Amino acid sequence: MELSLHPIILLLFFPGGLFLFVAGLLYEWVDRKLVAQYQNRIGPRFIQPLADIIKLLAKEEIVPDGVHKGLFIALPIVGLASALAAALYVPLVGFNPSYSFNGDLIVVVYLLSVMTLCLGLAGANTADRFSLVGATRTLTQLFSYEAPFMLSLLGPAIVAGTWQISEINAFAIESRPWWFAFTQIVGFLVAMVGLMGKLEMPPFDAPEAETEIVAGALTEYSGRGLALFRLGKDVELVIGLTLIAAFFMGGLANPLDFLWKTAILILVVAALQSLFARLRIDQTVGLWWRAGALLALLQLLAIILGRYLQPVLSQFFSGLFGG
Amino acid sequence: MENPESPQKFVVPIGPQHPALKEPAHFEFSVDGEIVTGASVRLGYVHRGIEKAAEARNYPQGLYLVERVCGICSHVHALSFALGTEKLAKVVAPPRAQAIRVLTSELERLHSHMLWLGVAAHEGGFDTLFMYSWRDRETVMDLLEQMTGNRVNYSINIIGGVKQDVSDEIKTAILKGMDFLEGRMTHYLTVVTTDETFLGRTRDVGVMTREQAETLGPVGPTARASGVPIDVRVDSPYAGYVDFPVNLIVDDGCDLLARFVVRIKEMQESIRLIREILDHLPEGELAVRVPRRIPENEIIQRVEAPRGELFYYMKSNGTDMPERVKIRTPSLCNWASVINLAPGYKLADMPMILAGIDPCFSCNDR
Amino acid sequence: MTIGAMLSDIVRSLFKKPVTERYPFERKPTPARLRGKLIYDPTRCTGCMLCMKDCTANAIEIITVDKVNKKFVMRFHADRCTYCAQCVENCRFDCIQMSAEDYEMAALTRTPFEVMYGREEDLQALLDCAEKAPGDEPAA
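These protein sequence lines map, in sequence, to chains A, B and C. Residue numbers for the first sequence follow the numbering used here, so the first one is 1 and each next one is one higher. Residue numbers for the second sequence follow the numbering used here, so the first one is 1001 and each next one is one higher. Residue numbers for the third sequence follow the numbering used here, so the first one is 2001 and each next one is one higher.
Bear in mind the hints are in silico, worked out from the structure with no lab data behind them. Any given hint might turn out to be false.
[As the list claims (entries may be wrong)] Cut-off 25 Å, straight-line C-alpha distance, at most; resulting in silico cross-link-like pairs (DSS-like, lysine-lysine):
#, chain 1, residue 1, chain 2, residue 2
1, B, Lys1176, C, Lys2016
2, B, Lys1087, C, Lys2053
3, B, Lys1171, C, Lys2016
4, C, Lys2017, A, Lys33
5, C, Lys2053, B, Lys1090
6, C, Lys2053, B, Lys1326
7, B, Lys1265, B, Lys1087
8, C, Lys2017, B, Lys1176
9, C, Lys2053, B, Lys1315
10, C, Lys2016, A, Lys33
The structure presented is a predicted model; accordingly, all values stated were derived computationally and were not measured.
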C-alpha cells in the first residue's frame, strides 16, 4: 500500500519516529505478557514498558570513572538512531517503505548490526569487569549469528531477483499462496532464530546474562543511556519482525496483514524464549557456526540448484501433465 | 586456592551484591578469557551471633531463636535443638510426636528441594522451570500453613514433643497434595534428564569424583551425587526415622546433573515416606513434660537437613539456660568442594556450580 | 535427547488462567490454625506469668492491677512478637489465642503495635494510676 505524506511526518511521526517508539513499547509488552502466560503467571500491565522508560529518563545519569565521556553519552544515541534509520527501508505497518533504493537489504542488515556494535563498544568503553566480559560476549555472538542470518535473508532475495526490500515484498505478495516460509522452511527457521540472537533474547542472552555478569555491557548504564538502549532494542524487535513477515510470510500488503502476521511471529518467538535454558557463549558459537551456517548454506544451494534446473524441470513437468 | 603463576589476573567479583546470589557472600574468580583459573570465598556477611544469644535465653526461648538461623531449613534446627535438650534431660518424646516431627521434616525437605530446583534453573537461565517448580512449591507451603499455622518457621516443636496435631482433614489435604506432586516430580525428572539445552549446562560440569568427595568432605545430596553413601537418617536414625526408615538415594554421575537427579529422587522418596507416616500414625499424646532446669550434661545431636548433616553440640549446667550451643551447618562442609573444583570451568558455569551445592548463607553464618 | 521438554506445560498454560494470587485485591481464606495477632481473655487469667517467662522476644507484659481479685492487664508488643505460639502452649487456662483473621498488621507509626488487653475497668484504673503518679511504673 502506498503512503503519501510529507517527509517530516514520515520521519518523525508515522510510520517512523514517534509511532515506532509506541509500536516498540507495545511489542515489548506483548512479548512479556506472552512469556508470562506461557509460564502460568500474569505479566505486566500494558503501560509497564512506557513506565519503565519514563522512570529511566527521570533518573540521574551516572557517568563512571575512567570512561571516555563522549563515547559513553553518544553510543546509546547512535544505536537508537541506526535502528530508527533502518525503519525507513522496511514495509512498516504494511505501507511501502518511504525511501527505498536498490541494495537496501544490505543497508538494513548493517544498520541493525550497528546497534549490537554500539552495545559492544559501550561495554568495552567501561572499565568494569562485568561490562568487559559482556562486551566480549556481545561481539562474539555478533560474529556467530550474522553470517547465517544474512544468508537466510538472501534466499527470498535470490528468488525475487533483487536486493531491494520493497521489490522483494511485492514479489512475495504476488507469489501468494506460496509463502517463502513453506518453500524455504529451513531459511525461515534460521532467520527466526537469528532474529532472537540479534535481539539477545533467551536462549541467546549470554551477553546479558543476569545471573552471571549482572547486566553485561549495560551494567554501568543508568538513566537516559539505558532508556535509549532499551528503546533501540524494542524498535529492532519491530523491524526484525516486519522484515521476516515481509520476506517469509507472503509480504505485507496492508496494515491488517502486518498485524496478524507479526502476531503469529511473536507468539512463536515468545514460545521459543520460554522453552530453553540459556546457552553458554561457546555453545552459541558452536551452534551457529556448525548448525546455523550449514543449514543456511544448504538452503542457498537448494535455491540456486532450483533456479538452474528450473527450465529443465518445467519442461519435464509440462511434458508430464500438459502435453 | 588461587593460582599465583598466571600473569594476567583478571578478577571477577561475585557478591556481596549480585543477582546470582540470594544472600550475601563474596567470591573472587580469577578469569582468563572465559576460563576460571582460581577461586576464593569469603563468608560472614549475615552473622547474627545466634550461638551467643542462645546462652542468654532459657531452653524454650532458645528453641525459637535457633529456628530462625535459616528460613528454608528452620524446622530441622528446631528439631535438633529439641531433640538435644530432651537428650540432655534424658527424656524421650512420645511416638506420635516423633512421627509428626518426621512428617514436618519431610514436608520441609520437599519445599526446600523445590526451592532449590527453581533457583538452580534460574541460575542457568531456564526461567520456565523456575516458575513452574515454585508454583508447585505453593502446594507444599499451603499444606504446611494448614498444618502448623505458618509457611516458614513452623514452630511446631516444643521441648518434649509437638504443639499441634494432625487432624483427619489435614491428612486428606496432605494426601491430595502428594498425589499432585508425584506427577510433577516425574515430569521434572524427565525434563532435567532429557532437555538438550539444560543438559548442555549441567552434564560434565562441576565434576567431583568419589575420591575427591571423600577427601574434601561434603555432606548431603552433594556427596550422595558423587557416590558417597552418607545420610544421617540411615546411618544413625533419630526421632521417627527408627519406625519409618528411609531409602538411601545415591547416584554415580558425579557432576551437576547427578545432583539434580539425586534431589528429585529424594523428593519422590519423601512423598512415599509422607504417605507411609500418614497411614501408620501412632496414637498417643503429643508432648511429655520436661523439667525447666536441665541437669549438667553434654550431648551431640545430628540431624539430616535438606542440605546435609546438621550437627548440634549442647552443654547444660543445671540452670534453665544452656551453657553452650554449637551449631555446625551442612553448607559449611560443601564450600570446599566448590572452591577446589571451580578452576578449569567457564565463568558461565560458576553460578550453576555455586547453586549446585544448595548454599544457605544464613546457615553458614548463624 | 529432547528439544523443548517443557513444551506441553507451555502450550497448556496458554489456555489456562494464570495461577498468581491477586493479593490484595482478592484474598484467599486463611487456614484455621494461622498464627496471627494475639488475643487475650482477662477473665480467666490467674497471673501465673508463665507466658511472659518463655516469650522469646519479651513481647508480653502482664501488669497486675489487683492481685487478690485477679485483675490483670496485658501489654502486647506486636512488633516484637515472633508469632511462635509458645505462650498459647504455656497458658494452662486458655487465656491466650492467636487470631486467624487478623494478620495484616503493617502500620506507619509505632503506636498501633502496643496493644493493651483487659477489662474496661482495669484499663481505666491503670490510666488513672498513670495520671496520678507520672513516672511511676505500675507493678509488672
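Here is how each hint holds up against the structure:
no. : hint                     : verdict
1   : B:Lys1176 with C:Lys2016 : holds, 21 Å
2   : B:Lys1087 with C:Lys2053 : holds, 23 Å
3   : B:Lys1171 with C:Lys2016 : violated, 29 Å
4   : C:Lys2017 with A:Lys33   : holds, 13 Å
5   : C:Lys2053 with B:Lys1090 : holds, 23 Å
6   : C:Lys2053 with B:Lys1326 : holds, 24 Å
7   : B:Lys1265 with B:Lys1087 : violated, 32 Å
8   : C:Lys2017 with B:Lys1176 : holds, 21 Å
9   : C:Lys2053 with B:Lys1315 : holds, 22 Å
10  : C:Lys2016 with A:Lys33   : holds, 14 Å
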